[in-house]
Each structure stands twice: as C-alpha cells, then as structure tokens.
Amino acid sequence: MDEREERKIANQYEQKLRQETDSFIAELKGNVKEYLTGLHSNRYSAYVHLSDTGLGKRLSSHLSVAGAKPSDFFRKEMPNMKGYIADELVNDFYASIDALSEWQISRSEYRRSFRSKNYRCYTTRIAQLVYDYHRLSQMDATIVDLITGNVSGDLGLFCKYNYYGGVPEEILAIRLDNNDSTLEKAIEDIIYDNNSKLSINLIRGIVMSHNVKMYEALGKLLLAARLSEGLRQAICENIDRGTKEAFLYLFQIIMEHNLIRFSSVMRAAGTWTGLLTIESKDLDRISQKQIISGAMLLRRYMTDWNRLSILPLKVRSTRG
Amino acid sequence: MIININMKQIGKKRQHIRPVPLEYKNSIKTIKDLIAETVSILLKQYQKKTDASQSGESFIPDAIYSEEELDALAEIGRISFGMMYNGKLPEEQNAIQTALQAFEDGLIRIFLNDEEIGEDTIAIRDIDLENPRLRQTESINLREGDTITFIRMTFLAGRMY
Numbered sequence: 001m002d003e004r005e006e007r008k009i010a011n012q013y014e015q016k017l018r019q020e021t022d023s024f025i026a027e028l029k030g031n032v033k034e035y036l037t038g039l040h041s042n043r044y045s046a047y048v049h050l051s052d053t054g055l056g057k058r059l060s061s062h063l064s065v066a067g068a069k070p071s072d073f074f075r076k077e078m079p080n081m082k083g084y085i086a087d088e089l090v091n092d093f094y095a096s097i098d099a100l101s102e103w104q105i106s107r108s109e110y111r112r113s114f115r116s117k118n119y120r121c122y123t124t125r126i127a128q129l130v131y132d133y134h135r136l137s138q139m140d141a142t143i144v145d146l147i148t149g150n151v152s153g154d155l156g157l158f159c160k161y162n163y164y165g166g167v168p169e170e171i172l173a174i175r176l177d178n179n180d181s182t183l184e185k186a187i188e189d190i191i192y193d194n195n196s197k198l199s200i201n202l203i204r205g206i207v208m209s210h211n212v213k214m215y216e217a218l219g220k221l222l223l224a225a226r227l228s229e230g231l232r233q234a235i236c237e238n239i240d241r242g243t244k245e246a247f248l249y250l251f252q253i254i255m256e257h258n259l260i261r262f263s264s265v266m267r268a269a270g271t272w273t274g275l276l277t278i279e280s281k282d283l284d285r286i287s288q289k290q291i292i293s294g295a296m297l298l299r300r301y302m303t304d305w306n307r308l309s310i311l312p313l314k315v316r317s318t319r320g
Numbered sequence: 321m322i323i324n325i326n327m328k329q330i331g332k333k334r335q336h337i338r339p340v341p342l343e344y345k346n347s348i349k350t351i352k353d354l355i356a357e358t359v360s361i362l363l364k365q366y367q368k369k370t371d372a373s374q375s376g377e378s379f380i381p382d383a384i385y386s387e388e389e390l391d392a393l394a395e396i397g398r399i400s401f402g403m404m405y406n407g408k409l410p411e412e413q414n415a416i417q418t419a420l421q422a423f424e425d426g427l428i429r430i431f432l433n434d435e436e437i438g439e440d441t442i443a444i445r446d447i448d449l450e451n452p453r454l455r456q457t458e459s460i461n462l463r464e465g466d467t468i469t470f471i472r473m474t475f476l477a478g479r480m481y
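Protein chains in written order, with our numbering: chain A, 1 to 320; chain B, 321 to 481.
Source of the hints: derived by calculation from the structure; they are not laboratory data.
In this text, a Cβ means the ideal position worked out from N, Cα and C, and glycines have one as well.
A few of these clues could be false.
Residues from chain B that face chain A, not an exhaustive set, calculated with beta carbons under 7 Å [claimed, not checked]:
#: 1; residue: GLY426
#: 2; residue: ILE444
#: 3; residue: ARG445
#: 4; residue: LEU449
#: 5; residue: PHE475
#: 6; residue: LEU476
Given these sequences and hints, build the entire structure.
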C-alpha cells in the first residue's frame, strides 16, 4: 500500500471517530452538550468561547473559590456525560486536571515557564484534557501499545498520520506517578534500547511526573547523547515544562557534568530563564556565565518556593 | 618513539592522506597520554612556525605556491600563506583539556592502524550518573612505526521531532 492510500485510510478512520463523537454528543443535554459541542466543533477557535458557555462559567466560578479542585467539578458533571471518557480512564482524568497547577499554563511555543495555584488560569488546558481523554477512550489499544507503536490495521494508520503528538504527556505523567510498571518498563526499553520510538511526549511525560526512576533514565540518555545535539536540545528545552523536582534533578546533572558547554543546552537554559528569543543571534550576545547565573537563580527560587510571590494572572480569555 | 599520524595534505590534485612521522618522547600508556602528547607536540610545531613568521624569516617554503596548489587552496575557500599573523598561542593545559573533552564527547575518534580504540561501547542502561566512566583511561599498546588517525565528527543538529 502506498502512502497516499495509507493516508486515505487514516483520514477515514479519523472521520469515523469524529462521527462517533458527534452522535454521542447529540444524545446529551444542557450545559454539557453545549460545552462539548463547542470543544469538538472547531477545536482551536472554540476555546475562546468555551469560557462563555454555561458549563464554562460554572467551572470558572467553581475554581474561584480558594482550594477548589477541577476534579470536584467534573465528578459532579460526569453522570451527565457518562461514556464520553472510558470508565477505566476516568480516575486518571481527575488526577490529570488536578495536577495541572504543577505544570506550565501555556503549551504554546511562546510559553513562559509560569505556573499558578489558581486553577482558573488552566481552563484551556482542562478543555484540552477533556478532549484528549475522550480521543484516547475511543481508541481500542492500551497506552503502552500506543507508545510502542504496537497497533495495526486502520487504527495503526490513524496513529501514524493523524494522531498528532501521540498519547498526551499529561496522561503519561499521571500513569508514571501511579507507578504503572508496564508503562515504566516500556519507556525504559525505549530509552535504553530503542531510541527511534522516543518522542517528545515521552520526554514531557517524564518531566511532568514525580517518578525519579524515570528521571534517572532520562538523565542517562542526556549524558549518552554524544553527537546528537537534536536529542540534547529536545530533552533540555523540555525540562522546565514539568514538575519542580524534575527540573532540579536534571539541572543537577547538567551542572555536574558541565553540559552547558553544548550550545543546545545553553540555548535551553536561555529559554528557561527567558533570556533568549527565537533569533539565535542573541546566543552570541549573552555569555555562558550570564546564562548559568540566571539558571542558578532559578534553582535558588525553586528550592525556596515560598520566597517567590506569585502574581495573580488576569485571564481575559481562555486562549493559551 | 616515532609514530605516524595520518594527516590530510592539501595542495595536491587528489587530496591525499599521508602519514606524518612525529616523535613521542614520553611513554604512551593510555589514550589520555596519546592525546596529551600529540597536542603538546603539535603545539610546539605551531609555536615554531609562529616564531618563524614573527621573527621575519618570512620566506618559508610553504608560502610559495605552484599553480596547482593555488587551485586546490581556492577550492577549499581560502588562500593563505601559512604565516601566523596572530601571535597568540593556546595555553597547553587548556588545549589538552579541550582535546580530551572532545574525545569523551565523541567529537574525535581515534584509530590505531585501522582499528578503533576507545570505542564507546557502554550501554545507556549501565551509565553511572555519579561516576561516568572516562574512556580516555583505557590503555593502549603503541609500537614503533604505528599509525594513528584522528577523525573529527560533526554534531547532528537536526530536529528530533
């Protein structure tokens, strides 16, 4: 089968999934129906309007109460959308949306490394997770099968061409926090033996978790990268994306082994601290010493979390 | 002992790689010794060339090129006379450290008579994060007249995803 035929099948499979979703949503009622219709209609522009839907407004007001968790809200809503997320994934879903405050607010390329204890900053990411868990529920394969590429047939082709980004990193992070040993072993095998299956979502999933065994594996890969600047760049530019612990662990490795000598690592340190922009010419103007001091300062604040006062972010729209 | 180092010769019609004999005075037991000695010897040669340029002995045979040599140099992009205008010499210990680091990073690979030495065979799983093994401590057995080749690699700078 040539690529064109394969892509055709992948697109048809995607259409099938979308139709299943649409039929499911058509049977729902009220706020949930409005929210999910918006979520699935036109994924990117819909986010601006989701916060204006009935459910979106109720979610925002629920989250403006101090100490409120997104999972409490969705536990109440779930009976209204039963079956939208598979039963075996529902608890992971609740854990993921609660864990959001440990991760960056924005997923975009222009992101700054901001996090917030205020869940209202994360309503866009909550919506993304609602969508991602649903998509995952529709696929008849385990998470391990999906990350190792052990899927065949039409689903296999869908995963090859249309499952952009693969299994979302939030889901991987929660599973790793639950010490899912099958997943741990699969990821370790990929890191140690079969790098070709290594993808960005795996790296992010590891740094977003609290699983030290996984940090260690990633650290070893970072040291073994040798001539692969691309791999080093991929790892280093994502270590500020997850938990504080992951950052500190991997930063320690970078400092101990003086990995800042590589330009990819120096550039990554520039992105964490916000000192570098997309134009690489900045790399020459800023010295290595400045970048290191910036990163060390970051580490100091991270180890003494309470010294930093987090500015309340006013979020006008839910666009990331 | 005399060890031959394969060096690329420019200025010939076909680029030859020829062994150039260098004299190693100290004993070479490990890869680290080999790299340190080589850097030291080449630095001294560079020093001599610099001194020669600076003291006004400007008519070094290298500086007069034939038509053929000029063409070859034009091909690599720059015609230079082999004179050292910049008198600054790299400091020896720094140069040795840089070369050793380059070796550890896989930027330089070394071949002894067509067989690679100090090859990176350690599995990622077995890397010790506290105490990574340094390949430069591996011992080598150098004999008079052996040939060494240093190959410089390039980083793969593509996107991983």
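The hints, checked one at a time:
| no. | hint | result |
| --- | --- | --- |
| 1 | GLY426 | holds, 4 Å |
| 2 | ILE444 | holds, 5 Å |
| 3 | ARG445 | holds, 4 Å |
| 4 | LEU449 | holds, 6 Å |
| 5 | PHE475 | holds, 4 Å |
| 6 | LEU476 | holds, 5 Å |
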